[in-house]
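> Residues per chain, in single letters:
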Amino acid sequence: MTRALSWILSLTALASLVLLVGVFTWQSSVIWQRDGIAYVTGHSWFYRQQQFGAFSLLYGSIVVSSMALLLAGPLGLGAALFIAEYLPQKTRLVLKSLIELLAGIPSVVYGLLGILLLRGWVYETFERFEPLSGDTLLTAGILLAIMLLPTVVSLSEDALRAVPASQRRAARALGLTRAETIWSVCLPQARRGITSAFLLALGRSLGETVAIFLVVGRQDNNVPHSWLSPAPLLQAGQTLTSKLGGAETNIAYGDPLHWSAIMGLGLILLILTGAATLLGTVRRERNA
Amino acid sequence: MSEVPPILQIQKLEVRTHARLLLRNITLSIFEGEIFGLIGPSGAGKSTLLRSLNRLNDLLPGLYVKGDVLLRGQSVYARDTDVNSIRTRIGMLFQQPVIFPTTIRENVLFGAKRVLALGKVEQTVRVESALRESSLWDEVKDRLQQPASALSVGQQQRLCLARALAVQPEVLLMDEPTSALDPRSTAAIEELLLRLKTRHTIVIVTHNITQARRVTNSLAFVAIQDGAGEILEHGATKALLSAPKNPILADYLTHSS
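So the sequences go chain by chain: A and B. Residue numbers 354 to 641, in the working numbering, belong to the letters of the first sequence in order. Residue numbers 11 to 267, in the working numbering, belong to the letters of the second sequence in order.
Careful: at least some of the hints might be erroneous.
[Said to hold, decoys possible] Some chain A residues judged to face chain B by a derived CB distance under 7 Å, without partners named:
1. A523
2. G528
3. E533
4. A600
The hints are simulated quantities; they were obtained by calculation from the structure and are not laboratory data. Just so it is clear, CB atoms sit at the ideal spot from N, CA and C, and this is done for glycine as well.
All chains, please: the whole structure from these sequences, using the hints.
Next up, the structure:
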């Protein structure tokens with residue numbers, strides 16, 4: 354019974370995922386037929402001229418998410434180590450539930466805080482690079498990092514706690530220090546779980562919309578002149594989600610070509626977040 | 011024997027939690043080269059006592075220790091004692107073998123490599139000597155690079171022993187090291203103990219009176235008295251087992267043999 358039910362439910366989940374991707378593919382078919390891969394690699398998005406190059410949006414999403422992960426990853430892992438390995442049980446539980454509470458704060462609140470606190474700070478801190486305003490890809494990245502922290506901390510901490518206490522005890526009994534034990538026992542054994550935490554956080558960051566929307570500047574066609582050039586970071590930009598969350602989506606609905614270009618962005622987003630989340634979940638399951 | 015100072019001296023040791031006294035007034039001397047057994051009913055605090063000797067109880071929050079343990083005259087519980095260096099001098103073997111998820115070789119070197127900073131050649135030598143000492147060498151010499159998890163439980167326990175021996179401790183603590191093993195592995199470990207005692211001092215917790223009789227020189231009987239674990243009798247194994255003075259010990263012996 355349980356077996357059959359779990360099969361039915363798994364298949365339902367899989368079917369709805371396939372259906373979702375199918376709908377987005379179908380809805381975006383017009384733009385794929387017209388531009389092919391150039392739709393993804395094209396640098397210009399001017400809908401009035403019927404130019405739909407999604408590259409700057411993809412770039413924006415990837416840059417903002419990687420920045421967020423780069424900041425939140427080490428910081429979050431450090432916090433998780435501290436909580437899992439150094440804090441006494443009671444404090445650990447209190448802190449952990451507080452951190453999980455943070456994960457539940459609506460993202461629009463983070464966005465508002467971003468406008469209130471972060472925008473000005475970025476503008477002033479990087480003044481000598483002459484940003485036009487505090488609404489930049491960097492601002493969005495930092496804000497997103499703050500939003501990801503609870504996820505990274507909580508999931509990494511779970512991964513560390515999943516390492517049996519007997520392993521730590523055996524290492525300590527050999528005379529290893531706490532730091533040596535963490536380094537040679539806890540981290541290697543929690544590695545899968547920690548990378549899974551990072552992937553799930555990445556999935557979340559790629560899909561995050563409102564908070565980014567409020568601080569990213571929503572400037573189309575911000576693309577670096579050369580790869581790895583940091584210049585665009587201090588300019589206003591646009592991510593897949595901030596684009597999709599904007600007014601243009603409603604304008605596009607009447608025009609089959611424009612609409613399919615918008616739905617194409619949705620498809621790319623779906624694939625990116627889906628891949629990160631799926632990969633993360635699979636690793637997490639295997640770790641457990 | 012009393013001319014030689016003991017290698018371990020337990021002095022008025024008391025272990026308690028917030029709510030309850032676990033061990034009361036434990037005083038014992040353990041001499042170099044002997045196998046010292048701790049026997050007694052479950053829950054009397056034998057394992058707690060054993061873990062107090064290398065301060066592994068420190069890892070459990072909420073346990074408080076009073077009194078002291080001297081290792082060759084040096085205080086284990088003094089404020090300025092380096093606990094980690096004490097633990098390299100007092101090795102430990104647990105009830106269940108704890109294998110690190112890596113190769114057999116790396117398992118043997120797990121402590122030695124980090125604690126003693128051995129060079130490459132020394133490492134290889136140490137692996138072989140430790141595995142020989144724990145009678146595992148012939149079984150694993152061709153597969154040192156294979157995962158240790160593939161070994162049987164009995165082999166894993168001997169691997170743990172090799173790992174402890176590789177650090178070259180002065181004293182080895184064993185917490186019912188054969189309770190999870192089949193009779194054959196148990197026999198192998200017991201044989202090993204007898205062979206090891208020429209070079210090592212061993213403190214072993216055991217439930218098994220027959221085992222205690224076979225391998226130990228001295229015994230201490232730990233049992234609950236007035237709500238806390240105490241040593242009710244201790245002395246040479248033969249005398250203690252054949253002519254127990256304490257009535258609780260006599261009772262314990264008749265019921266467990």
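> Could you run down the list of hints and mark each one as holding or not?
Structure-based check of all given hints:
At a threshold of 7 Å, the smallest CB-CB gap from A:A523 to chain B is about 4 Å, leaving the interface hint in force. Because the beta carbon of A:G528 sits about 3 Å from the nearest beta carbon in chain B, less than 7 Å, this interface hint is met. Interface restraint check: A:E533 against chain B, minimum CB-CB distance 6 Å, threshold 7 Å, status holds. Among the interface hints, the one on A:A600 is violated; its C-beta lies about 54 Å from the nearest C-beta in chain B, farther than the 7 Å criterion.
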